[in-house]
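With chain A held as given, fit chain B onto it using these hints.
The chain contents come next:
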Amino acid sequence: MATYLEFIQQNEERDGVRFSWNVWPSSRLEATRMVVPLACLLTPLKERPDLPPVQYEPVLCSRPTCKAVLNPLCQVDYRAKLWACNFCFQRNQFPPAYGGISEVNQPAELMPQFSTIEYMIQRGAQSPLIFLYVVDTCLEEDDLQALKESLQMSLSLLPPDALVGLITFGRMVQVHELSCEGISKSYVFRGTKDLTAKQIQDMLGLTKPAMPMQQARPVQPQEHPCASTRFLQPVHKIDMNLTDLLGELQRDPWPVTQGKRPLRSTGVALSIAVGLLEGTFPNTGARIMLFTGGPPTQGPGMVVGDELKIPIRSWHDIEKDNARFMKKATKHYEMLANRTAANGHCIDIYACALDQTGLLEMKCCANLTGGYMVMGDSFNTSLFKQTFQRIFTKDFNGDFRMAFGATLDIKTSRELKIAGAIGPCVSLNVKGPCVSENELGVGGTSQWKICGLDPTSTLGIYFEVVNQHNAPIPQGGRGAIQFVTHYQHSSTQRRIRVTTIARNWADVQSQLRHIEAAFDQEAAAVLMARLGVFRAESEEGPDVLRWLDRQLIRLCQKFGQYNKEDPTSFRLSDSFSLYPQTIAQWRKAGYQDMPEYENFKHLLQAPLDDAQEILQARFPMPRYINTEHGGSQARFLLSKVNPSQTHNNLYAWGQETGAPILTDDVSLQVFMDHLKKLAVSSAC
Amino acid sequence: MNVNQSVPPVPSFGQPQPVYPGYHQSSYGGQSGSTAPTIPYGAYNGPVPGYQQTPPQGMSRAPPSSGAPPASTAQAPCGQAAYGQFGQGDVQNGPSSTVQMQRLPGSQPFGSPLAPVGNQPAVLQPYGPPLTSAQVTAQLSGMQISGAVAPAPPSSGLGYGPPTSLASASGSFPNSGLYGSYPQGQAPPLSQAQGHPGIQTSQRSAPSQASGFTPPASGGPRLPSMTGPLLPGQSFGGPSVSQPNHVSSPPPQALPPGTQMTGPLGPLPPMHSPQQSGYQPQQNGSFGPARGPQPNYGSPYPAAPTFGSQSGPQPLPPKRLDPDAIPSPIQVIEDDRNNRGTEPFVTGVRGQVPPLVTTNFLVKDQGNASPRYIRCTSYNIPCTSDMAKQAQVPLAAVIKPLASLPPEEASPYVVDHGESGPLRCNRCKAYMCPFMQFIEGGRRFQCCFCSCINDVPPQYFQHLDHTGKRVDAYDRPELSLGSYEFLATVDYCKNNKFPSPPAFIFMIDVSYNAIRTGLVRLLCEELKSLLDFLPREGGAEESAIRVGFVTYNKVLHFYNVKSSLAQPQMMVVSDVADMFVPLLDGFLVNINESRAVITSLLDQIPEMFADTRETETVFVPVIQAGMEALKAAECAGKLFLFHTSLPIAEAPGKLKNRDDRKLINTDKEKTLFQPQTGAYQTLAKECVAQGCCVDLFLFPNQYVDVATLSVVPQLTGGSVYKYACFQVENDQERFLSDLRRDVQKVVGFDAVMRVRTSTGIRAVDFFGAFYMSNTTDVELAGLDGDKTVTVEFKHDDRLNEESGALLQCALLYTSCAGQRRLRIHNLALNCCTQLADLYRNCETDTLINYMAKFAYRGVLNSPVKAVRDTLITQCAQILACYRKNCASPSSAGQLILPECMKLLPVYLNCVLKSDVLQPGAEITTDDRAYVRQLVTSMDVAETNVFFYPRLLPLTKSPIESTTEPPAVRASEERLSNGDMYLLENGLNLFLWVGASVQQGVVQSLFSVSSFSQITSGLSVLPVLDNPLSKKVRGLIDSLRAQRSRYMKLIVVKQEDKLEMLFKHFLVEDKSLSGGASYVDFLCHMHKEIRQLLS
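First to last, the protein sequences are chains A and B.
According to UniProt numbering, the stretch in the first sequence is residues 1 to 684, in order.
According to UniProt numbering, the stretch in the second sequence is residues 1 to 1094, in order.
Same shape as in the complex, but just chain A (with noise of 0.2 Å):
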């Protein structure tokens, strides 16, 4: 066998899964004292151009509560026909299909290279995508003319038979009507008054009410789809007139009054594009793309007055509970959120300005759904068109990298329970015989809905090992897990993709070594960092931070080599060598959940035609500065990268003193010795 990180690579190329432990430990006492969880990275919909789907339904355990897929872990009865469910030891009767199979006519999914496999379904009616731009009409005249440029633009980027649909909000949020000759149309709210899912959809004409008189019946089953699509017709149809629209938008025509920040209604523009979603294609992959320039100023979801002199909250207002929208507002787009993520709708939000935007707040929108959230200053920067373009790149196929309304069923063999799950997904609240009580993330089911991903989105999946310390595995023993993703293909058909997993069990007093080598520390430091920002979600910051500097320190005591209270002496072995940097790089990070913090370093660390390969190839777009020494802009080099070794005396552990430091942190140097020290210390 290789080395474990050409095992990790391999199965990261073959099923997307990346564990923290390759080897497990084999009981839930030496489980816990491995400190980092046994957890995996899962990249549901990973590229895969080797593996073409294939064209039938996928054999299911015959157990209720099992259904587990029928994979190459399974032992199979040739002669009677019969498999055996790896996971609840069903025997179930293979269906009539299968009836030539044999040793060596196999189907795909019993083959051992095919432990990630994807069907195709050809049932059900197949609805085309669809894109909701909400864009915000207070922009400054050259960011509006940007913004309307990519919104042109992407029009012919969009599949042809996409449905596309206009909302722009400024003061007022107008939906507009697509189909119109000779006079534009759109529907105005007002942009203060937050409305029910159903109000909205009356208004808008998308319900009918019961008709008493006859003479409308005859007419409505015409009329019906007419209403719906109203505000949503295919692209093919429409791009002229869109284009021509969107020509025509014009900046938010009320006054602005010196003082005053331009009165936005992102709260209700979101909202009515959501109910207007909800109530024309529940459950059909739908993408909400709010196009935003500033804070939310009034309304439901608003996040500042429109008084200037007050300004929009900051850390220090929040930590004080002295931010007198933010709750409110909060509850508003989480509303919001939920309601997107149940109808299996995402939301991404792109937001262009130099000041805040209000992202906290709405952040939910866009970590609930799937969405993208992309930050920039203006609307008329490459990072931003660029980016936006990258949303609909193809893949070998020529199909758009996205994926809609999924859902995440997970199966594990029975030494192990699902604790959570944290990333883009909400619970789908699927209690089983393989959930754990313990919550790590997202917990307490099995199943999860992602309503938008695309081949790079990636959950963490933590487990709890649940197997007693007296009822020891026998050796050789393998734990499995399987990740049934069902999912809208861009090209509109839903698939399953299956991938089944196996990994050893092991003794962790006779094994250590073992379970050591096969600790992926990349892996574990996302996820120890996902946790993190989790926690962070409902913790205070420091304590969070406690939290994950102790967990380091008890892992290096745990795999350190060293001699007690001799920082010297302290040696970890290859595995665990970068662990503890990307721990400092997360610390400093804390709770934003923007993955692209992780790669600034290594970006500005590399010369510029590095830099310029991996700007094409991170999304979203990464913010590119070029700077050089002392100059103005490399204020945003020096907050990101290991602070210089002067800043050292200043810097008083655990920041509780309070020293005013420019920098974020402390150089990795001086962060080692500590860690070191404390590792190595017997007080800990």
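Keep in mind the hints are simulated off the structure, nothing from the lab.
Take these hints with a grain of salt, some might be off.
[To be verified] Keeping only pairs whose Cα atoms sit at most 25 Å apart, straight-line, the calculated PhoX-like set for lysine-lysine is:
{"no.": "1", "chain 1": "B", "residue 1": "745", "chain 2": "B", "residue 2": "528"}
{"no.": "2", "chain 1": "A", "residue 1": "198", "chain 2": "B", "residue 2": "554"}
{"no.": "3", "chain 1": "B", "residue 1": "497", "chain 2": "A", "residue 2": "260"}
Coordinates of chain B only, in the frame set by chain A:
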């Protein structure tokens, strides 16, 4: 004989009647001699020798029946006596009234007689000394006493509260001087009278001669004069009786009774009736029993045609009163035209009664406002409230501040006083006007309204000439004219900002009904060209008015028609519960700049909704949207709302169908006139605050609740137009014509009108289409040249004959170009101490205008029957007071009407039978509410023709004649079946074709060969090239041109079923709904009067 009565041209007021000169002079001369005014009366006295006899009869009965002696005569004397004593001393009176009261107790006796009549106290009081409260009560109790021999002193005027009495008392004093002469002479009798008033009167009356009028006060008692003759009534009493033709005629005495029917004329039948055979039955039925209260009248109608029935049953058809003998509106109008139509009316003289509204005349402004702007019920106001109460003649002015003028008359000059603004009195804020008195060499002026002395600002200083007049008086409109305008300064503007030009917003119902009838297409097509004719200021090149468009069904569609757009944008607002305006820029635009976009929009609207299935509409949110749009644009303006159906969609102001004809004639009938919900009033208030006037065009197929929908137009100074069952083919011309006129007419916006008066009277009540948030300021979101405000005045102090009474109506408004202006109208009236002066200077048309509006407002709060009764009572009181105080003594059976008011009964009857007060079976609830609403802002000319339609014969006059044919009276009897007639009342226009019209005429007018081939209900005459066709069509056009609303023609054939509709407008006849005929009503009125007098 007096037969002529009707015929004799009625001289204008002051002038003596040529016909009868002889009479009165003799009688009156002496008496009245003292006061100049008496002379004019002479005219009246009809000399009816014959009558005199009759009176006695009546008299004789009277006493028994009523028990109460005719108070009037008796009282009068008393009053005089009383005055004689105190009067003068108290003249100064103002404050001291109470004191006076106390002194006077003696006079009480009078009160009693009156008692029976509820209101009358007014009449009495003047005469009687003021009552103390104690007395009053006593009187009340003593009412019945009346008949009784002079009740004990304690009883005094009934009804009156002490305070009123005080006032009256004070008022009366001034008179004393005048009366003085009289009373004394008569004194002796008077004293008796006091004791037993009734008796005296009767005695005296008998002998009386017909001398036209006695001076008011004294008149009654003075027996001599009146008996036979009727004043104005000459036409009445005298003639009818005497005429051989009439039934009544036979027995001179009998006449009266016989006439009873005719009521007017005669003596009181009732009494006699039992005795006399011939007439009795009728009399009994009608009058006899009724005596006190007539049960039938008023309420009765519904059940049975009250009046009609009474008269109807008359056994003796031949004896009917000759309709020609009773006062004829046609005659009065003709006479006034002939007498006053030729010379311009010069306004320089105080208290002049202008020509009738039916007369064409020019006006020269020489210091008083033209009657086109202000008309009064009387141009001579009683000096005291006592007198006023006694007469019961309402003191009201009908003001039309922005009236349009004929081209020959200059519109008011605009005066610009620069930054200092118009000069005003510091205390009462009255504006500089010709009546202000400059003193101290011109350095100060004394306010003619409140007497405050103000400094003349240096820049306004001017020397006075030897007469005390400013040298520049004739250079300054505000010093020499009755009407003029000031440019307002920024202080007069909302928020201290000069206004922006106003805007018009067209709000079009595009629900199924509107589309189906073709209304939307028609309207959009018309607007394309009509928008070029928005009102402009003076010589402006283009109108400053901006326009906006909204369509709606149960949601609203706003349109962005900004000139820079390639195509219009529609913005739908469905949140009707919480209306707002979705756009700012591009909604209100200049028509010329955005013409292409607007045209494109108007082309598309009918197409866009062509397939609509939406039948529900909203209403309140629509107006709210328009109002909000104006608010957002910071301007005033007008909404033109085109609406088809009851707004039943879920929204504020949602209505339900509550039409219920069963409520008619119940106490709940008033609810039919009241709005269903308060939302409309609230909205109207907001509209007024924004200067948002609403014009409503309704196209209902069924009940739309006009009473509710018209609330906003009504309170914002807007108009309501209603086209029931609208169909493009039939109603297009009418609608478009109304629309054109409505859009083009000059409007003032965001207006406030205030009427100031000189000390002594005060504006207390206002009628019209406007809103008032306090008791003095009339707020009009919009005001056009057709809108009229009727203002009622009451005394709050005594007036002075010398200084008269002044009115100043100031209207602050924003012109259609956005200029803030003040229009000032001034009018000086005379004041009198003798009731005769009042009656001589009245204008019945104006009076009717006031009474109709009063009644039409009354139905909102009181049962219709009560309103009708109030009108009848008031009318009876007015006439009774005249009879008692001004007419020369005559038999009680004689109906005597003041010359100026001789048409009051016929006109009042028309008001009483109008659809609002006495609905026929075919009148819908909506129509009643609509008419009620229309009348509220009508001017005098409009109410005149509305209540008494014009009926023009078409073939009587030679075809060549280019003038309008003389009208005939609105009665079926006047129709000849060989002729054709046009009938119009300002809203409706009929062409009635007699069954035996010559075939040639039919051919040349309708292009068909016979009467039977004429299409009944035809609304357009074929255009034929022959003189008759041209003439008739020309006449129709000219009639339409005279009215503010287009009258749709309806051709009615004799004996056709449509004729019922037509007959409804023959107002002298009995109506199907129970309205009395003129003759019957006159009888009834006579009876009421007699009751009051007895």
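Structure-based check of each hint:
1. B:745 to B:528: 17 Å, holds
2. A:198 to B:554: 17 Å, holds
3. B:497 to A:260: 23 Å, holds
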